[in-house]
Amino acid sequence: MFFSRKRKDQELDEEIAAHLRMAEQDSSRQEALRDFGNVSLVKEVTREMWGWAALERFWQDIRYAFRILRKNPGYTLTAVFSLALGIGANTAIFSLIDAIMLQSLPVKNPQGLVLLGDPTAVHSVSIGSGGNERLFSYPFYKRFRQSNGVFTDLYAEGRSDQIDLKDQAEHPRARFVSDNYFSVLGVAPIAGRTFRPDDREALVISYDFWQRHFQGAGDVAGQKLTLDRRDFTIIGVAPRDFYGDVVGYATDIWLPIEVQPEANPGRDYRNQANTYWLQLMGRLKPGVSLAQASTVMNTVGKTIIKEQATAISQPAELKRIDGWKINVQAGAAGFSRIRHDYSQPLKILMCLVALVLLICCANVANLQMARAVSRGREMGLRLAIGAARPRLLRQLLTESLVLGAAGGMAALFVGYWMSRLLLRLAAQENPLPLEPHLSASALLFTAAISVLAVLAFGLAPALFATRGDVAAHLRESKTGRSTGLAQRFEKSLVALQIMLSLVLLYGSGLFIRTLQNLEQSDVGYRRENLLIAELDPWAAGYKDPQVQQLAQSLVSNLISIPGVGKVTFSENGMFSGSESGSRNLIEGFVPQAPDDNLNRSDRVGPKYFSTVGVPLIAGREIDEQDTPKSAHVVVINQAMARFYFGHRQAIGRHITDMDGKNPMTIIGIVGDAKQNGLREPAARRLYTPYTQVTEGDSLSGLRLEVRTRANDPAIQTTVLEAIHKADPTLRKPAIKWAQKLIEKELEQERLIAQLSGFFSFLALILAAIGLYGVMSYLTARRTTEVGVRMALGASRSHVVGLVLSETFAMSGAGLVAGAVCAYAVGKLTASSLYGVAAFDPLTVAVAVAIICGAALLAGWFPAQRAARVDPMVSLRAD
Amino acid sequence: MSPKKGYQNRIELLQGTLDLLILQTLQWGSQHGYGISNAIRANSKDLLQVETGSLYPALHRLERQGFVKSEWNQTEANQRAKFYKLTVAGKKQLLTERDRWSQMVTAMSGVLNAAGNEG
Numbered sequence: 001m002f003f004s005r006k007r008k009d010q011e012l013d014e015e016i017a018a019h020l021r022m023a024e025q026d027s028s029r030q031e032a033l034r035d036f037g038n039v040s041l042v043k044e045v046t047r048e049m050w051g052w053a054a055l056e057r058f059w060q061d062i063r064y065a066f067r068i069l070r071k072n073p074g075y076t077l078t079a080v081f082s083l084a085l086g087i088g089a090n091t092a093i094f095s096l097i098d099a100i101m102l103q104s105l106p107v108k109n110p111q112g113l114v115l116l117g118d119p120t121a122v123h124s125v126s127i128g129s130g131g132n133e134r135l136f137s138y139p140f141y142k143r144f145r146q147s148n149g150v151f152t153d154l155y156a157e158g159r160s161d162q163i164d165l166k167d168q169a170e171h172p173r174a175r176f177v178s179d180n181y182f183s184v185l186g187v188a189p190i191a192g193r194t195f196r197p198d199d200r201e202a203l204v205i206s207y208d209f210w211q212r213h214f215q216g217a218g219d220v221a222g223q224k225l226t227l228d229r230r231d232f233t234i235i236g237v238a239p240r241d242f243y244g245d246v247v248g249y250a251t252d253i254w255l256p257i258e259v260q261p262e263a264n265p266g267r268d269y270r271n272q273a274n275t276y277w278l279q280l281m282g283r284l285k286p287g288v289s290l291a292q293a294s295t296v297m298n299t300v301g302k303t304i305i306k307e308q309a310t311a312i313s314q315p316a317e318l319k320r321i322d323g324w325k326i327n328v329q330a331g332a333a334g335f336s337r338i339r340h341d342y343s344q345p346l347k348i349l350m351c352l353v354a355l356v357l358l359i360c361c362a363n364v365a366n367l368q369m370a371r372a373v374s375r376g377r378e379m380g381l382r383l384a385i386g387a388a389r390p391r392l393l394r395q396l397l398t399e400s401l402v403l404g405a406a407g408g409m410a411a412l413f414v415g416y417w418m419s420r421l422l423l424r425l426a427a428q429e430n431p432l433p434l435e436p437h438l439s440a441s442a443l444l445f446t447a448a449i450s451v452l453a454v455l456a457f458g459l460a461p462a463l464f465a466t467r468g469d470v471a472a473h474l475r476e477s478k479t480g481r482s483t484g485l486a487q488r489f490e491k492s493l494v495a496l497q498i499m500l501s502l503v504l505l506y507g508s509g510l511f512i513r514t515l516q517n518l519e520q521s522d523v524g525y526r527r528e529n530l531l532i533a534e535l536d537p538w539a540a541g542y543k544d545p546q547v548q549q550l551a552q553s554l555v556s557n558l559i560s561i562p563g564v565g566k567v568t569f570s571e572n573g574m575f576s577g578s579e580s581g582s583r584n585l586i587e588g589f590v591p592q593a594p595d596d597n598l599n600r601s602d603r604v605g606p607k608y609f610s611t612v613g614v615p616l617i618a619g620r621e622i623d624e625q626d627t628p629k630s631a632h633v634v635v636i637n638q639a640m641a642r643f644y645f646g647h648r649q650a651i652g653r654h655i656t657d658m659d660g661k662n663p664m665t666i667i668g669i670v671g672d673a674k675q676n677g678l679r680e681p682a683a684r685r686l687y688t689p690y691t692q693v694t695e696g697d698s699l700s701g702l703r704l705e706v707r708t709r710a711n712d713p714a715i716q717t718t719v720l721e722a723i724h725k726a727d728p729t730l731r732k733p734a735i736k737w738a739q740k741l742i743e744k745e746l747e748q749e750r751l752i753a754q755l756s757g758f759f760s761f762l763a764l765i766l767a768a769i770g771l772y773g774v775m776s777y778l779t780a781r782r783t784t785e786v787g788v789r790m791a792l793g794a795s796r797s798h799v800v801g802l803v804l805s806e807t808f809a810m811s812g813a814g815l816v817a818g819a820v821c822a823y824a825v826g827k828l829t830a831s832s833l834y835g836v837a838a839f840d841p842l843t844v845a846v847a848v849a850i851i852c853g854a855a856l857l858a859g860w861f862p863a864q865r866a867a868r869v870d871p872m873v874s875l876r877a878d
Numbered sequence: 001m002s003p004k005k006g007y008q009n010r011i012e013l014l015q016g017t018l019d020l021l022i023l024q025t026l027q028w029g030s031q032h033g034y035g036i037s038n039a040i041r042a043n044s045k046d047l048l049q050v051e052t053g054s055l056y057p058a059l060h061r062l063e064r065q066g067f068v069k070s071e072w073n074q075t076e077a078n079q080r081a082k083f084y085k086l087t088v089a090g091k092k093q094l095l096t097e098r099d100r101w102s103q104m105v106t107a108m109s110g111v112l113n114a115a116g117n118e119g
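If you read the sequences in order, they're chains A and B.
Going by the working numbering, 193 is the number at position 193 of the first sequence; the sequence numbering is gapless.
Going by the working numbering, 9 is the number at position 9 of the second sequence; the sequence numbering is gapless.
Hints are not guaranteed to be accurate.
As the list claims (entries may be wrong) - From the structure, some residues in chain A lie toward chain B, with a derived Cβ separation under 8 Å:
| hint | residue |
| --- | --- |
| 1 | Glu15 |
| 2 | Ala18 |
| 3 | Ala23 |
| 4 | Leu33 |
| 5 | Val42 |
| 6 | Val45 |
| 7 | Thr46 |
| 8 | Met49 |
| 9 | Trp737 |
| 10 | Leu741 |
These aren't lab readings, by the way, just hints derived from the structure by calculation.
We put the beta carbon where it would ideally sit given N, CA and C, even for glycine.
Starting from the given sequences, assemble the full structure and let the hints guide the process.
Okay, structure coming up:
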């Protein structure tokens with residue numbers, strides 16, 4: 001095509017030359033030329049008739065753009081670099097949002113999936129009477145699967161306790177699934193087969209697990225895998241992109257629900273009607289709507305729940321089930337805990353990076369504007385000799401487009417790299433098992449924002465450069481002084497950048513203060529030098545009474561370790577991720593609302609309160625005199641005492657279960673302690689002795705609290721050794737400092753604080769570069785003026801002051817606008833803040849001070865350069 | 001910027017007419033651009049002057065539409081020039097254009113006469 005195009009061009013030249021030759025013979029050459037008119041214009045208009053002109057011109061413009069950009073490497077690199085940063089940051093955050101919030105499961109027809117219950121409760125198990133509206137029991141699943149009438153098929157899946165792999169330190173991430181799991185999802189194994197109803201000691205492994213442990217061996221199906229001393233047979237391998245249906249929890253192995261008690265020794269969830277741990281997902285029958293499925297779940301489903309709860313629950317609790325609205329929703333995106341945890345932070349980050357991109361665009365727009373002014377002569381000339389404005393406009397925009405495309409492509413690398421970095425930052429201890437790959441939607445997103453960016457930074461300078469006033473162009477570049485219009489544009493862009501930087505700095509300031517406030521918030525006990533070890537004696541075959549004995553003997557073992565102060569134990573403890581609750585009747589209290597009977601609860605060993613440092617307000621704490629045989633006692637916290645008794649005496653009163661049985665006497669009141677969640681005030685809580693477990697109830701966990709004299713890492717090992725010596729069959733406990741557990745609680749807050757800090761710092765640097773660029777440029781253009789001033793006696797410091805005051809005038813406008821926006825930012829993020837007001841004067845002051853510092857720095861060098869101007873030289877130059 | 005805009009306007013205004021004039025001129029045999037422009041001027045007794053800025057785009061457009069085709073040939077003065085010649089489609093197009101033109105003339109004179117009667 002380009003070859004024939006060239007020939008056609010030559011032909012046109014010849015055709016016109018022939019015309020002119022013939023015309024010359026009839027009159028003079030001058031006349032012929034005048035009659036003919038503008039030769040090149042005639043050619044151009046004629047060429048347009050060939051039809052391919054548009055494409056041709058675009059190609060030409062691109063080549064021209066490349067030539068221009070190659071000729072100005074400094075400008076090009078600066079522009080591409082800042083675009084790559086700005087767009088890349090957006091790509092990075094978007095690809096995380098895409099992976100966590102938007103993508104569908106890699107299964108057959110994900111749009112046909114419907115999930116039941118709470119999709120965020122992926123790691124929960126709830127044991128208790130009275131049912132649960134978030135999770136389901138296995139007996140419920142088996143009956144509902146048969147009798148629902150709306151699902152073609154329905155599968156169940158749930159969490160597993162920690163599983164040991166023989167001779168390996170790794171604990172595979174396991175999920176228990178019903179036999180139809182893979183068939184409902186429509187996932188075919190790449191080797192072997194999936195589950196059948198009669199499978200017991202069988203498992204399907206993930207592609208990654210297969211690679212990691214079997215190096216992708218072809219004959220893996222049929223091999224044995226020993227989990228917790230029990231042999232399982234590998235029956236199949238899941239496809240490479242299938243990580244299970246829990247987004248953010250890349251499953252290693254799938255086991256049949258039927259084998260749960262054997263795979264998690266000491267924990268039988270499978271056959272218990274009061275153990276709620278399963279999530280359900282199914283495919284609707286043709287013609288059945290989501291609303292119909294919801295109705296069936298909340299009628300048929302609830303009836304089954306009530307029937308099954310009747311055997312184990314008190315009548316008072318059954319009534320609550322009627323009030324439930326069990327959630328039924330589209331299941332395409334799967335279950336996820338991290339989606340719930342990270343959607344708010346990610347949305348905030350997306351807004352932040354959008355502002356960063358705006359600042360980048362302003363920088364590039366300023367560069368373009370400066371070039372538009374210096375190219376004014378070229379543009380003016382081209383306009384004067386008859387170039388069409390749309391043509392020039394297209395050419396300049398093509399140049400911007402090439403910049404944008406280069407920036408966008410570089411942004412893909414920046415984005416890929418940055419999203420991996422973010423993932424690592426997001427969870428330093430438990431990296432999120434997400435593979436942020438640049439998905440099709442992320443690519444599309446990047447392309448779209450690149451185009452938007454091109455328009456944002458390219459349009460105004462291009463319009464300016466090609467504006468109709470030819471005379472102004474020529475005048476302008478002759479004196480080398482930009483017109484008021486260009487200067488106003490540049491100054492308002494700088495003010496905009498300052499404004500956005502202030503908004504970002506203020507926002508990140510708020511998040512940093514929030515993090516600090518939360519870190520320093522009073523948890524109600526002494527978190528320093530407190531070790532917490534989580535044990536699982538049930539897995540080693542212990543029953544509850546033996547666990548109680550073990551706990552007591554471990555206390556006496558550990559207390560003799562040098563450096564250990566006090567030792568105690570509890571069922572849940574602080575920030576362990578598990579929580580208990582109980583419903584009780586309280587002597588002398590008439591409940592108004594259903595939840596008035598509900599209190600958080602914990603079981604604690606002797607001297608628990610004095611060991612962890614919860615202050616005793618009245619009465620006595622739980623100690624050695626409270627045994628299984630002695631009268632049952634309870635300690636309540638201040639929040640509970642206030643709620644039920646007000647100013648009346650609480651000690652000595654009685655608390656029973658909802659049927660008025662199993663009375664306990666209140667023996668003490670302790671301070672409010674936060675056990676889960678730092679933001680909310682401590683909830684009403686009661687503590688019973690670990691040794692006093694009522695008939696039909698059971699213990700759910702064992703944690704040792706060890707108060708040490710110093711924060712000595714070596715003591716962790718000593719404690720672990722002592723526990724191992726007490727019983728070598730015990731699984732190795734998870735041991736952590738309380739301080740670390742609390743810090744882990746603040747992962748999202750820390751992520752937002754760190755990243756918003758990072759992005760606002762980036763924004764500040766970009767804005768400072770912008771300010772520096774414009775100031776250098778403006779100052780350079782005022783050389784003559786400065787020369788005159790100095791010739792007339794202005795001192796150097798006066799000149800410096802002149803430039804700096806202009807810098808601050810520009811920044812000042814941005815700061816005022818930014819302060820107004822900062823208030824809006826505070827209001828918008830109020831729900832994520834803790835302990836800071838939406839408009840925090842201190843944070844504003846710090847942000848303003850930082851920006852003023854940056855502005856001073858940005859203005860200083862141009863000011864110094866201006867002050868070094870030699871009046872004689874500058875005056876002669878003009 | 002104004003010159004080009006001017007050309008474009010004139011092309012648009014004259015489009016139908018110019019095409020008709022060119023096709024009509026070519027009816028008598030193949031001709032080059034300069035010859036066409038001279039013929040139109042002569043036949044209109046110098047009333048119609050076709051600007052090159054309209055003529056060449058029109059010729060190239062007609063060629064793309066398939067109404068004329070071109071070839072390089074020698075002029076009477078023995079010079080190389082690009083000659084345009086009507087195609088079969090072009091001959092048909094000439095008839096259509098002529099019809100349209102006479103309809104236009106009838107319509108215009110009808111309107112003008114009516115206005116004259118009233119005045």
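Next item on the list: May I ask you to test the interface hint for A:Thr46 with respect to chain B, counting a Cβ-Cβ separation under 8 Å as satisfied?
Entry: Because about 4 Å separates A:Thr46 from the closest Cβ in chain B, which is inside the 8 Å limit, the hint holds.
Check: Minimum Cβ distance from A:Ala18 to chain B below 8 Å?
Finding: holds (4 Å)
Checklist line | Per-residue hint verdict: A:Trp737, partner chain B, C-beta under 8 Å | finding: violated (75 Å)
Checklist line | Hint validity - A:Glu15 Cβ closer than 8 Å to any chain B Cβ | finding: holds (5 Å)
Notebook entry, point to check: Was the hint right that A:Val42 lines chain B, CB cutoff 8 Å?
Noted result: holds (5 Å)
Item checked: Closest C-beta approach of A:Leu741 to chain B relative to 8 Å, hint status -> At 72 Å from the nearest chain B Cβ, A:Leu741 fails the 8 Å test, so the hint is violated.
Check: Holds or violated: A:Val45 as interface residue toward chain B, Cβ cutoff 8 Å?
Finding: Constraint on A:Val45 satisfied, holds at 5 Å.
Notebook entry, point to check: Does A:Leu33 pass the interface hint, meaning its C-beta sits closer than 8 Å to a C-beta of chain B?
Noted result: violated (11 Å)
Notebook entry, point to check: Is the shortest C-beta separation between A:Ala23 and chain B less than 8 Å?
Noted result: Status holds, d = 6 Å.
Check: With a cut-off of 8 Å, does the beta carbon of A:Met49 approach a beta carbon of chain B closely enough for the hint to hold?
Finding: holds (4 Å)
In summary, the numbered hints that this structure violates are 4, 9, 10.
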